[in-house]
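Enquirer: Protein chains in written order, with full-length UniProt numbering: chain W, 1 to 250; chain R, 1 to 560; chain Y, 1 to 111.
These are calculated hints, taken from the structure and not from any lab test.
Some hints here could point you the wrong way.
[As the list claims (entries may be wrong)] Below, computed lysine to aspartate or glutamate pairings styled on EDC-like, alpha-carbon distance capped at 20 angstroms:
{"id": "1", "chain 1": "R", "residue 1": "LYS127", "chain 2": "W", "residue 2": "GLU31"}
{"id": "2", "chain 1": "Y", "residue 1": "LYS75", "chain 2": "W", "residue 2": "GLU222"}
{"id": "3", "chain 1": "W", "residue 1": "LYS83", "chain 2": "W", "residue 2": "GLU165"}
{"id": "4", "chain 1": "R", "residue 1": "LYS551", "chain 2": "R", "residue 2": "GLU534"}
{"id": "5", "chain 1": "Y", "residue 1": "LYS75", "chain 2": "W", "residue 2": "GLU34"}
{"id": "6", "chain 1": "Y", "residue 1": "LYS82", "chain 2": "W", "residue 2": "GLU34"}
{"id": "7", "chain 1": "R", "residue 1": "LYS127", "chain 2": "W", "residue 2": "GLU33"}
[To be verified] Non-contacting residues of chain Y with respect to chain R, defined by C-beta distances greater than 12 angstroms in every case (computed):
{"id": "8", "residue": "GLU17"}
{"id": "9", "residue": "HIS18"}
{"id": "10", "residue": "ILE20"}
{"id": "11", "residue": "LEU21"}
{"id": "12", "residue": "GLY24"}
{"id": "13", "residue": "TYR26"}
{"id": "14", "residue": "VAL31"}
{"id": "15", "residue": "LEU34"}
{"id": "16", "residue": "ILE39"}
{"id": "17", "residue": "ALA43"}
{"id": "18", "residue": "VAL50"}
{"id": "19", "residue": "LEU51"}
{"id": "20", "residue": "VAL62"}
{"id": "21", "residue": "ALA64"}
{"id": "22", "residue": "VAL65"}
{"id": "23", "residue": "VAL66"}
Yeah, the Cβ is synthetic: ideal placement off N, Cα and C, and Gly gets one too.
Single-letter residue listing:
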Amino acid sequence: MANAIATAHEHDAHHAHDEHVVLPQHLHHFETEEQQREAGTFGMWLFLLTEIMFFGGMFFAYLLYRNWYNPAFVAASNQLSVKLGAINTAILITSGYAMALGVYAAEVRKKQMLVWTLIATTIFGFAFLGVKTVEYKEKFEKHHVPGASFDVKEFVNPAAFGLKEEPLAPDMAQKTQIFFVLYFAMTGMHALHMIIGLALLFWLIYRANRGDFSSGYVAPIENFGLYWHFVDIVWIFLFPLLYLINKHVG
Amino acid sequence: MMSAPINNNTIVNIPDQRTAKMPKRNYINNEHGLLSWLFTADHKRIAILYLISITFFFFIGGAFAGLIRLELLTPQPDLVASDTYNKFFTMHGIVMIFLFLVPSVPATLGNFFIPIMIGAKDLAFPKINLLSWYLYMAGGTFTLAALVLGGVDTGWTFTTPLSTHYLNTHVITAATAIFIAGFSSIFTGLNFIVTIHRMRAPGMTWFRMPLFVWSNYAASILMVLGTPVLAIAIVLVALERTIGIGVFDPTKGGDPLLFQHLFWFYSHPAVYIMILPGMGVISEVISTFSRKRVFGYTAVAFSSVAIALFGFFVWAHHMFIMGVSNYSALVFSLLTMLVAVPSAIKIFNWAFTLQKGSITFETPMLYAFAFIGLFTIGGLTGVFLGSLGMDIHLTETYFIVAHFHYVMVGGMLMAFLAGVHFWWPKMTGRMYPESLSKLSALTSFIGFNITFLPQFILGYLGMPRRYHAYPAEYQVLNVLSTAGATVLGVGFTLPMLYLAWSLKYGAIAGNNPWQATGLEWQIQSPPLTENFTETPIMDHEAYDYEWLENKTAHEVTTVG
Amino acid sequence: MSAHNDAMNTTNPEHAEHHILGPGTYTTIYVTLLILTGITVGAAFIPMGVLNPIVALAIASVKAVVVMLWFMHVKYQSRLIKMTVGAGFFTFFVLIMMTMSDYISRAWGQW
Numbered sequence: 001m002a003n004a005i006a007t008a009h010e011h012d013a014h015h016a017h018d019e020h021v022v023l024p025q026h027l028h029h030f031e032t033e034e035q036q037r038e039a040g041t042f043g044m045w046l047f048l049l050t051e052i053m054f055f056g057g058m059f060f061a062y063l064l065y066r067n068w069y070n071p072a073f074v075a076a077s078n079q080l081s082v083k084l085g086a087i088n089t090a091i092l093i094t095s096g097y098a099m100a101l102g103v104y105a106a107e108v109r110k111k112q113m114l115v116w117t118l119i120a121t122t123i124f125g126f127a128f129l130g131v132k133t134v135e136y137k138e139k140f141e142k143h144h145v146p147g148a149s150f151d152v153k154e155f156v157n158p159a160a161f162g163l164k165e166e167p168l169a170p171d172m173a174q175k176t177q178i179f180f181v182l183y184f185a186m187t188g189m190h191a192l193h194m195i196i197g198l199a200l201l202f203w204l205i206y207r208a209n210r211g212d213f214s215s216g217y218v219a220p221i222e223n224f225g226l227y228w229h230f231v232d233i234v235w236i237f238l239f240p241l242l243y244l245i246n247k248h249v250g
Numbered sequence: 001m002m003s004a005p006i007n008n009n010t011i012v013n014i015p016d017q018r019t020a021k022m023p024k025r026n027y028i029n030n031e032h033g034l035l036s037w038l039f040t041a042d043h044k045r046i047a048i049l050y051l052i053s054i055t056f057f058f059f060i061g062g063a064f065a066g067l068i069r070l071e072l073l074t075p076q077p078d079l080v081a082s083d084t085y086n087k088f089f090t091m092h093g094i095v096m097i098f099l100f101l102v103p104s105v106p107a108t109l110g111n112f113f114i115p116i117m118i119g120a121k122d123l124a125f126p127k128i129n130l131l132s133w134y135l136y137m138a139g140g141t142f143t144l145a146a147l148v149l150g151g152v153d154t155g156w157t158f159t160t161p162l163s164t165h166y167l168n169t170h171v172i173t174a175a176t177a178i179f180i181a182g183f184s185s186i187f188t189g190l191n192f193i194v195t196i197h198r199m200r201a202p203g204m205t206w207f208r209m210p211l212f213v214w215s216n217y218a219a220s221i222l223m224v225l226g227t228p229v230l231a232i233a234i235v236l237v238a239l240e241r242t243i244g245i246g247v248f249d250p251t252k253g254g255d256p257l258l259f260q261h262l263f264w265f266y267s268h269p270a271v272y273i274m275i276l277p278g279m280g281v282i283s284e285v286i287s288t289f290s291r292k293r294v295f296g297y298t299a300v301a302f303s304s305v306a307i308a309l310f311g312f313f314v315w316a317h318h319m320f321i322m323g324v325s326n327y328s329a330l331v332f333s334l335l336t337m338l339v340a341v342p343s344a345i346k347i348f349n350w351a352f353t354l355q356k357g358s359i360t361f362e363t364p365m366l367y368a369f370a371f372i373g374l375f376t377i378g379g380l381t382g383v384f385l386g387s388l389g390m391d392i393h394l395t396e397t398y399f400i401v402a403h404f405h406y407v408m409v410g411g412m413l414m415a416f417l418a419g420v421h422f423w424w425p426k427m428t429g430r431m432y433p434e435s436l437s438k439l440s441a442l443t444s445f446i447g448f449n450i451t452f453l454p455q456f457i458l459g460y461l462g463m464p465r466r467y468h469a470y471p472a473e474y475q476v477l478n479v480l481s482t483a484g485a486t487v488l489g490v491g492f493t494l495p496m497l498y499l500a501w502s503l504k505y506g507a508i509a510g511n512n513p514w515q516a517t518g519l520e521w522q523i524q525s526p527p528l529t530e531n532f533t534e535t536p537i538m539d540h541e542a543y544d545y546e547w548l549e550n551k552t553a554h555e556v557t558t559v560g
Numbered sequence: 001m002s003a004h005n006d007a008m009n010t011t012n013p014e015h016a017e018h019h020i021l022g023p024g025t026y027t028t029i030y031v032t033l034l035i036l037t038g039i040t041v042g043a044a045f046i047p048m049g050v051l052n053p054i055v056a057l058a059i060a061s062v063k064a065v066v067v068m069l070w071f072m073h074v075k076y077q078s079r080l081i082k083m084t085v086g087a088g089f090f091t092f093f094v095l096i097m098m099t100m101s102d103y104i105s106r107a108w109g110q111w
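My request is simple: use the sequences and hints to build the entire structure.
Expert: Laid out in structure tokens, this is it:
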């Protein structure tokens, strides 16, 4: 076998796939559709790795400052509504459930079911952002947004505001700002990911309705599903870390 | 006609120039017009786009280096004010690191050759590849904007609270540039990893891949896992500056060292992002010009991965004098020594590859020799700096400047030039002028040493970095350094000129001028848009020169 | 020459058959997640001292793993994907642990 850069005649390694109909979405530089699909999934997972590290920096900041300024974190966390947080968690899980069903619908080529599950995913996504808006608005009104207008009076003198909290010393009360910085940075970055996801969902719904994903080409739906579930997972950690720090005291 | 070269001093084997013709159809003339380049999805064309743009930014960064050296010619601050000097070294650092060194080998040579070396038609995600070039250009545009608007003077490290509270320059513009350029690098890395896992030709097992692919794979892992941490650190700096969130502000309870941890968590591995692909180039060049399989192939392959892995455990050695815990510093110092092991494995294996090889001294090989020597000096001084006691004395002096320039310029840039010369015939189909390029390689090597060797001494004597004035007794060494920089500048400008010249007037190279074994040398130069007419099957190990000889012999018999 | 003769890709650690999960599985997972959310809220109101954040994080981790294994199909993916996910969390823990090594020991011997 001297001339070793031989050529694969008739793609003999891929007889197993000869019965497949070549889809228009199949890109020329992939040997098989399977290779293309697995490359897409792998690429999406690598992207999610970068997301883990991106949020990871903020999670570390949270871990550090919560250990340093625990009283401030407890008091500031008690300002968040567990009820709204829990409702939002349920909403987001429901949205993820709808998305999972959407992936199933695409895989078994049910066009109507796919479109409706994607619409449900979108609706629950917006519901989540709606609740988040209500929460953010309250923080603005109470001057709990970090920056020039940030005010610690509720933490220094909680009794005057009808709160049962222990009052914080002024220097520790200042540190509540760090909590709210992390709260806004983390939930804000999470919300930004949701907004990007919702924009993509509109595009996916349009294409699903056109029938793009009902003939065996499911990669965009599956990969978007991975993204959407990742956003869920971030929230699954954010909820106990931000809302449930110390509910059992006071 | 083929087989062993007649002249023992060279392995260059190019076709008879009277009859030779460039291939009629190739990736360059496949389509025409500017738009066919700007909207291309061909990895080879994107590599060329990258090559042009990083060359542009290299000379911008180089211009700032020249200005810095000019100011340091005399002890007095006579060329520019101190603020302007701060902007000079900041722009030099930002441009050179984020816009030149990080994308240099991966985005140009890696982009061009990784798919071909593993027998694929393209990268896994051609459109994302193009997107990453546009992101790079956007990052470059923001950098230029920061420059034109009046510069930025934080140093490339964006040290808080200096960058967040005390400076009134265009920090956010520069931060945006780095954020965007970071995503360009993430997408390149992601694309390489998926391509190397998913697109290998039949028979191309992991241990048949050229070492260039291995080293780019290791660097890609660092890009994907490290860069996002830089991104979030940069976002937090921007938020701190704009609305004063206090996360890095000690007056509000934040910890400035947290920024350092996040920043160096990326920026130390980033050093390996820069150097690893260069090491891959050196493996290819050393093997080709000593006609031997790389000694200890498996060890060299795994040492790349080991460098990438250890790279995540050593970052705090940049912070020894910043007030980190002594105990933690001790751990980081010990872990830093670990990185020397895989680096030494590479150096020794290259040396053993050379042993009893049929060595010839073409330009890429000259650059590779420069790399081995200079990188060894740079790496070993890194061990000095990694040990706690020495670091306290030497950090923030010119010693550290000399150290990382030995690694980055003496190592990486030499490797980049080695790679560009090595693959130039494949990329363009034409040879560069050999004697002129040898001269310029020599010029670069001499100029480099005159520039940076004095800086080791300056640093050891205690001259701090980042000052534009210094005591008069340091002037002799500084003049020497500036003189060397001038020579170095000539050494780096020459290749650009003669490589441009060779595009039209260079000798036609033929498929395999170096008689190298990689898959990229078995196809026409310049390659077809689809790289291979038929999917190749890899049935031999990497760097198998016997296989190549048999193959050429077989070709002769079939033709004759 | 054996690697590319494996036409069905059965021995390739980077390959897994495309596995389709049905709505039944998804519903089970969905209900599990809702129950776990309820438990997490409930547990937060029970005084457990230092265990409170640990329990909260443990439940969150279980939820995350459940989402990854079934909603994100990691259970049915190739070893390559499983390792990729592992690599992400590994690097995240390196970031946390190595940085914490500084913060924890910074005041040692200084009181």
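Enquirer: Does each hint fit the structure? Answer for all of them.
Expert: Evaluation of the provided hints:
Restraint check for LYS127/R and GLU31/W: satisfied, since their Cα atoms lie roughly 18 angstroms apart, inside the 20 angstroms limit. Between LYS75/Y and GLU222/W the alpha-carbon distance is near 15 angstroms, which keeps this suggested pair within the 20 angstroms criterion. With a CA separation close to 19 angstroms, the supplied pair LYS83/W and GLU165/W stays within the 20 angstroms bound. Our distance criterion of 20 angstroms between C-alpha atoms is met by LYS551/R and GLU534/R, whose separation comes to about 17 angstroms.
Restraint check for LYS75/Y and GLU34/W: satisfied, since their Cα atoms lie roughly 19 angstroms apart, inside the 20 angstroms limit. Under the criterion of a C-alpha separation no larger than 20 angstroms, the hint pairing LYS82/Y with GLU34/W is consistent with the structure, at around 18 angstroms. Our distance criterion of 20 angstroms between C-alpha atoms is met by LYS127/R and GLU33/W, whose separation comes to about 18 angstroms. Chain R leaves GLU17/Y outside its interface by the beta-carbon criterion, the shortest separation being 16 angstroms against a cut-off of 12 angstroms.
No Cβ of chain R approaches the Cβ of HIS18/Y within 12 angstroms, the least distance being about 15 angstroms, so the stated non-interface status holds. With a closest Cβ-Cβ approach of about 22 angstroms to chain R, ILE20/Y is found to remain outside the 12 angstroms limit, as its non-interface label requires. For LEU21/Y, the condition that its CB be more than 12 angstroms from all CB atoms of chain R holds, with the nearest at approximately 23 angstroms. Residue placement check: GLY24/Y keeps its beta carbon more than 12 angstroms from all beta carbons of chain R (closest about 32 angstroms).
Distance check for TYR26/Y against chain R: the nearest CB is about 28 angstroms away, which clears 12 angstroms, and the non-interface claim stands. No beta-carbon of chain R is positioned within 12 angstroms of the beta-carbon of VAL31/Y; the least distance is around 34 angstroms. No beta-carbon of chain R comes within 12 angstroms of the beta-carbon of LEU34/Y; the shortest separation is about 31 angstroms. Against the 12 angstroms criterion, ILE39/Y stays outside the reach of chain R, whose nearest CB is about 31 angstroms from its own CB.
With a least beta-carbon separation of about 29 angstroms from chain R, ALA43/Y lies farther than 12 angstroms from that chain, consistent with its non-interface assignment. With 12 angstroms as the threshold on Cβ separation, the claim that VAL50/Y sits away from chain R holds: the shortest Cβ distance comes to roughly 23 angstroms. In this structure LEU51/Y is separated from chain R by more than 12 angstroms, as the shortest Cβ-Cβ distance comes to about 27 angstroms. Its beta-carbon lying about 25 angstroms from the closest one in chain R, VAL62/Y satisfies the requirement of being farther than 12 angstroms from that chain.
For ALA64/Y, the shortest C-beta to C-beta distance to chain R comes to about 18 angstroms, beyond the 12 angstroms cut-off, and the non-interface label holds. Separation of VAL65/Y from chain R is adequate, the least Cβ-Cβ distance of about 21 angstroms exceeding the 12 angstroms criterion. Annotated as non-interface, VAL66/Y keeps its C-beta farther than 12 angstroms from every C-beta of chain R; the closest such distance is 25 angstroms.
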